[in-house]
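Student: Fit chain A to the given chain P structure using the hints.
As a plain string of letters, each chain reads:
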Amino acid sequence: MPTDIGSILIQLFSGLSRAMMLFLVSSGLSLIFGVMNILNFAHATLWLLGGYLTYTLFQLFSNTFGDHALLIVPAIVIVTGIMFVLGWVLERVLIRRMYAREVPEQLLLTFALILIFGDLIKLIWGVQNRRIFLPIEPIAVFDSYVNPYFFVIIAAGFGVAGGLWWFLHRTRYGKIVRAAVYSRDMVSALGIRIPTIYAGVFALGIAIAAFSAGVFLPIMPIGLGLDMDLIIQCFAVVVIGGFGSILGTFVASIIVGIVYAFSIFIWPGGALAIIFLILVAVLIWRPWGLFGTEMRY
Amino acid sequence: MSSYKNDYQWSQIVETLNKTISRRDFIITSVAAGVMTMVPRFVTAGAAEPYRIGVCLPTTGSGANYSERPIKGLPLIAAEINKRGGLLGKHPIELYFRDTQTKPDVGAREARSLILNEKVQTIIGTWSSAVAMAIQEITHEHKVLHLAATSNSSKIVNENYTPYSFQFGPNSRMQSGATVVAVLNMIKSKGWKSYVTLGLDYEWGRDAQKVFVDKLTKESPETKLIKVFWAKLGETDFTSYITAIMALKPDFMFGAIAGKDNETFVQQAKASGLFKRIAYPGVFLPVTELMQQRKTLPRHIIGLNRCPFFAHMDNPIMQKYVKMYQDKFGKDDYPDDFACMYFDALNGLDQGVTKAGSTDSDAVRKALTGATIDTCRGKLTFRDCNNQLDAASYVGEVVDTPDYPFPIFDPKSMVAVQGHEVWVPTCEEVRKLQKKRI
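Protein chains in written order, with our numbering: chain P, 1 to 297; chain A, 1 to 438.
With the rest of the complex left out, here is chain P (with noise of 0.2 Å):
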């Protein structure tokens, strides 16, 4: 294993960077599993339908205004918001007969949802990899060189995290969605809508994942079966830093992106099963995750 201290930190930003899309497509899982209590086994489904559509109205900004990298940005934007209404209808329609239901329902429900996204999809797009074409060039950093867009990618990250702690903590709808977790009788019996509540927060937690996807696609192909890929490494995370905790999702991915880039050094055939060691140990020891609680678990 390189030792220098260029080396170190370029794997380290690539470790950041890979948590951090980690990160991004997991909190929206677990935020909506920590409120709601649904396994949304779509949800990276979900992620891949937003990066689809970001694609779609990139490429029909650049036929209409020309090729300009920064239309991403007002694409991304305009998609998270379709993406949140999508959610929204989605709960109402589908997930909010879910909640008395035991969780292999869940899984069922969603697992169809997952197939339905699938094959629309494949109907819309196609089966061919998409991937927005930006001019990136590497920056020389450490006598090496460094993809720039992975700070970009870090910089999305932590802007979501800080984002979501300040909206869960500082804002009154964020305490009152915290408060919804532990009590929803008594957040109902103070007259507010839990039923709004929860289409907010499935909206927001979908709204995330298309976020992401879009900001992942300038350096990521999305391709049919990446979502059922990505859901199992999400749900490795979300499961790592215990459900429903922002912050354990956060460290989680963290700890997930930068022990695999790091073990891609010294055992690159098995990084993959490190994380999942991981996985075995903190189910072993302490099932409801690094930073979840023993009430929920």
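If you want a taste of the chain P side facing chain A, the calculated C-beta under 10 Å gives, among others:
#1 PHE13
#2 GLY15
#3 ARG18
#4 VAL127
#5 LEU134
#6 PRO138
#7 GLY223
By construction, these hints were calculated from the structure, which means they are not laboratory data.
Everything numeric in this text was worked out from a predicted model, so none of it was measured.
Ideal Cβ positions, reconstructed from N, Cα and C, are used throughout, including at glycine.
Tutor: Just chain A now, kept in the frame of chain P:
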């Protein structure tokens, strides 16, 4: 219905493909093609028995990117043969498309279904050697011909050999051998001393990496392999691998990466500055990639492909393929390596049946074994001990050209490493590798 004629029906299939393929999922079109090919059974009562061919290709998963053009083009070749009545002038070809999803179990299931339910006599396909080898077991069991048009693990014709399988492209051993030939030249000219490998962790990737390392170690033992990296098939984030490779500072890297993964790797490596520091000779760049990545592909890297149309535009068969394809799908589209090898497979079958004078699978395989066939790459011969076509691998520098709207390999410096230069040297050695089958 009664007005249908075989060639007309084929042109209808192609029309359907042509109208829909540009925007919509080509799964639908392949299913449509499969359904339409069944029509002749009901409208040509009294005609000779049709010759049914199963086409197993992934329309999902890593290999989907390379299936589009073979699916679009195969009906054109079949229609061409059917214009003269089909095989032997009396067995019109019917194609049955199936999606393998790039999964061995699905491929095997579809192959068995094609043989038992559709009564196909030949299966062409597929992408992914792991899937092809699963199909190979089924075709061997049922004594059905298997034309491995593009899947190219050397095991298909060596360790897993069956007399019913024929390989139409350079296999992984030959392809890696060709890369070694190119790399040896560069080791001499550039003074390279160390390298790393990054391969996709599945049948083909493992096979290609092993052959490359073994051969290079034999030819240039002083060139040191620093580290071996394996990434999973379908990897979308190579950044940790890229930064790790850059940290090791090798002189060059060998990649056994294909499909969508290859495009992802090249783009992420470019953005991370890998190509500024480390040479990457022999990156697999079929025409598909040259077209799709025309704006972003780094120029002057040394690529490898298996059946580039631009290397054989002096060959009338290749000219015909390109013209036929472009007449249907527009001047901006070209048949890629995969399409050309599938076209050769179907035309090769036609030649085998003609030589055998029969459509019986045993007669056809005997006729093709050791036979020389006309292909878009010239006259090529099947090796009689393992049914491997003596196909070249093409190594060249990626450059822009005014002739095409995408980069190609520099015609001035491109090297075609012939199959027999790099395959397992003797048939005696090949037979030692081949397992005994019942």
